[in-house]
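Given chain V's structure and the hints, the job is docking chain D onto it.
These protein sequence lines map, in sequence, to chains V and D.
The first sequence runs 1 to 239 under the working numbering.
The second sequence runs 1 to 239 under the working numbering.
I should point out that these hints are in silico values taken from the structure, not numbers from a laboratory.
Keep in mind the model is a prediction, meaning the values are calculated, not measured.
Keep in mind that the hints are not guaranteed to be accurate.
Remember, identical chains collapse to one label, so a pair may be satisfied in a single copy or spanning two.
[What the hints assert, rightly or not] 16 Å max Cα-Cα, derived EDC-like pairs, lysine to aspartate or glutamate: (1) Lys86 / Asp195; (2) Lys180 / Asp47; (3) Lys180 / Glu193; (4) Lys77 / Glu234; (5) Lys180 / Asp32; (6) Lys227 / Glu92; (7) Lys146 / Glu117; (8) Lys77 / Asp119; (9) Lys50 / Asp220; (10) Lys77 / Asp233; (11) Lys77 / Asp195; (12) Lys227 / Glu125; (13) Lys221 / Asp47; (14) Lys146 / Glu114; (15) Lys221 / Asp233; (16) Lys146 / Asp119.
Below, each chain spelled out in residue letters.
Protein chains: 2
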Amino acid sequence: MYSADRRRLERNGHLLIDRLAVLASAMSEKTDLIGALNWRYATKEFDAGKALPTETMERLLVVLRLSASSFGLQPWKFVVVEDREKREPLVEHSWGQRQVVDSSALIVMCRPTEFGEADIDRFLESTASTRGVDLESLAEYGGMMKGFIGRLDAATQADWMSRQIYLALGNLMTACAIEKVDSCPMEGFSAVEYDRILGLADLGLTSVVLCPVGYRAAGDKYASLAKVRYSADEVIVRL
Amino acid sequence: MYSADRRRLERNGHLLIDRLAVLASAMSEKTDLIGALNWRYATKEFDAGKALPTETMERLLVVLRLSASSFGLQPWKFVVVEDREKREPLVEHSWGQRQVVDSSALIVMCRPTEFGEADIDRFLESTASTRGVDLESLAEYGGMMKGFIGRLDAATQADWMSRQIYLALGNLMTACAIEKVDSCPMEGFSAVEYDRILGLADLGLTSVVLCPVGYRAAGDKYASLAKVRYSADEVIVRL
Numbered sequence: 001m002y003s004a005d006r007r008r009l010e011r012n013g014h015l016l017i018d019r020l021a022v023l024a025s026a027m028s029e030k031t032d033l034i035g036a037l038n039w040r041y042a043t044k045e046f047d048a049g050k051a052l053p054t055e056t057m058e059r060l061l062v063v064l065r066l067s068a069s070s071f072g073l074q075p076w077k078f079v080v081v082e083d084r085e086k087r088e089p090l091v092e093h094s095w096g097q098r099q100v101v102d103s104s105a106l107i108v109m110c111r112p113t114e115f116g117e118a119d120i121d122r123f124l125e126s127t128a129s130t131r132g133v134d135l136e137s138l139a140e141y142g143g144m145m146k147g148f149i150g151r152l153d154a155a156t157q158a159d160w161m162s163r164q165i166y167l168a169l170g171n172l173m174t175a176c177a178i179e180k181v182d183s184c185p186m187e188g189f190s191a192v193e194y195d196r197i198l199g200l201a202d203l204g205l206t207s208v209v210l211c212p213v214g215y216r217a218a219g220d221k222y223a224s225l226a227k228v229r230y231s232a233d234e235v236i237v238r239l
Numbered sequence: 001m002y003s004a005d006r007r008r009l010e011r012n013g014h015l016l017i018d019r020l021a022v023l024a025s026a027m028s029e030k031t032d033l034i035g036a037l038n039w040r041y042a043t044k045e046f047d048a049g050k051a052l053p054t055e056t057m058e059r060l061l062v063v064l065r066l067s068a069s070s071f072g073l074q075p076w077k078f079v080v081v082e083d084r085e086k087r088e089p090l091v092e093h094s095w096g097q098r099q100v101v102d103s104s105a106l107i108v109m110c111r112p113t114e115f116g117e118a119d120i121d122r123f124l125e126s127t128a129s130t131r132g133v134d135l136e137s138l139a140e141y142g143g144m145m146k147g148f149i150g151r152l153d154a155a156t157q158a159d160w161m162s163r164q165i166y167l168a169l170g171n172l173m174t175a176c177a178i179e180k181v182d183s184c185p186m187e188g189f190s191a192v193e194y195d196r197i198l199g200l201a202d203l204g205l206t207s208v209v210l211c212p213v214g215y216r217a218a219g220d221k222y223a224s225l226a227k228v229r230y231s232a233d234e235v236i237v238r239l
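Just chain V, same shape as in the assembly:
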């Protein structure tokens, strides 16, 4: 009885210890969001030899797809270019910045060149189908959105779409930081040349902002520079 008890207790003890080790390992992945945001920097030099694991890339694309947008209208497409040959001609239209080709993948965040009632109808159909409700029950809501969109001139509408894309960019960059993936948001490029070279115009798209993703090169001297941010009392106003 004594030795059976003892063996049982010891066995349980070892099982518990093993279990603890697994948990401790998982714990070490617990997100430190502020730590991740401090780790993040606009990567100037990517390690062209390191590709994102497929599942990491796919997770980032899910994150993008889940981004919030005005009325949920998702006025965007995310163009993913992994092929380096396709990216090489983009460098000269990106202020010579090599990130567009040395990163693991270049995400070209695009808006449609036109956005109108047909896009809202498509969204209403998606809503009706996802939620299992009649399209007719969404008519008033659709009319309100069409009224909103219709009142915007072309430039304001383009700007409204671009803002949604920047919201998605913020979401993507935060996800990258959490996943320990390096990124570098880029506004310095010629949208006209990107649209032409990548055939985006033919897809009814125009490029808004770029986000190369991948892993920092060991030698990127920007990685070790202190992050420059105004203090809380310079950017937070409490009323």
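Only chain D this time, still in chain V's reference frame:
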């Protein structure tokens, strides 16, 4: 001997079980980013009786402050309004939406009404001081940024600042989802009235977008609606 062994084993067992409980509790906080983004929705009804813990609110403000922006210029201020009396008059200028007052705090995301060379000089000083480098060593970089800003007309410059603020909004909303804090980005408000009522114009600011934060009301029927998102092949283009 038997009872001493047994006591030792039992004590170890209890220690292990206690440790497991702590780890399991911590584990439950491990970030499931995609789960968090699926949990998030544009909260229509906040529980006015539930305030964010101070440390949670402060963490969200740190997240905002750490947001990325074009050249790192941070062309923004985040106005936090917790006082409900100050928020009540905003409702009628927010399409009647009660979130602005029922949330735990309303974050009014603002851009400066003017942005120019003085702002870039201030940023260069902040950079020199943070990184311990001579201001002179940043002169070329400063000239480049001044050239960029100077080439934008007023409307484009305002748009450029607003985009940065939407990037910060995306970062904030993702942080909220991770922290299990509800939020509701809002474009439907009168910036002119907000600026007047909150005295933002006097601070050289104009409101761009709102983000109330807090906790969803138990009765918010929008919480249980399925999220509507286009499928991957509708928003992701692989070249």
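These are the hints, each one checked on the structure:
1. For a Cα distance limit of 16 Å, the shortest separation of Lys86 from Asp195 inside one copy, 13 Å, qualifies, whereas the shortest one across copies, 47 Å, does not.
2. When the C-alpha separation of Lys180 and Asp47 is checked against a cutoff of 16 Å, the pair qualifies only within one copy, where the shortest distance is 14 Å, while the shortest distance between copies is 35 Å.
3. With identical chains, the CA atoms of Lys180 and Glu193 are never at most 16 Å apart, being 31 Å at best within one copy and 42 Å at best between copies.
4. Only between protomers do Lys77 and Glu234 lie at most 16 Å apart by alpha-carbon distance; the minimum there is 8 Å, versus 36 Å within a single protomer.
5. In this assembly of identical chains, the alpha carbons of Lys180 and Asp32 lie at most 16 Å apart whether taken from the same copy (11 Å) or from different copies (14 Å).
6. For the homomeric pair Lys227 and Glu92, neither the shortest alpha-carbon distance inside one copy (28 Å) nor that between copies (40 Å) is at most 16 Å.
7. Taking the shortest alpha-carbon separations for Lys146 and Glu117, only the intra-copy value of 6 Å comes in at or below 16 Å, while the best inter-copy value is 40 Å.
8. For the homomeric pair Lys77 and Asp119, the shortest alpha-carbon distance inside one copy (13 Å) is at most 16 Å, but the shortest distance between copies (34 Å) is not.
9. Taking identical chains as interchangeable, the C-alpha atoms of Lys50 and Asp220 lie at most 16 Å apart only when both belong to the same chain, with a minimum of 14 Å there against 46 Å between chains.
10. Proximity of Lys77 to Asp233 under the C-alpha cut-off of 16 Å is restricted to the inter-copy arrangement: shortest distance 10 Å between copies versus 38 Å within a copy.
11. Only within a single protomer do Lys77 and Asp195 lie at most 16 Å apart by alpha-carbon distance; the minimum there is 13 Å, versus 34 Å between protomers.
12. Within a single copy, Lys227 and Glu125 get their C-alpha atoms only as close as 45 Å, which misses the 16 Å cut-off; across copies the closest is 13 Å, which meets it.
13. Taking the closest pair of Cα atoms, Lys221 and Asp47 come within 16 Å of each other only inside a single copy of the chain (13 Å); across copies the shortest separation is 48 Å, beyond that limit.
14. Taking the closest pair of Cα atoms, Lys146 and Glu114 come within 16 Å of each other only inside a single copy of the chain (14 Å); across copies the shortest separation is 33 Å, beyond that limit.
15. When the C-alpha separation of Lys221 and Asp233 is checked against a cutoff of 16 Å, the pair qualifies neither within a copy, at 30 Å, nor between copies, at 38 Å.
16. Within a single copy, Lys146 and Asp119 get their C-alpha atoms as close as 10 Å, which meets the 16 Å cut-off; across copies the closest is 39 Å, which misses it.
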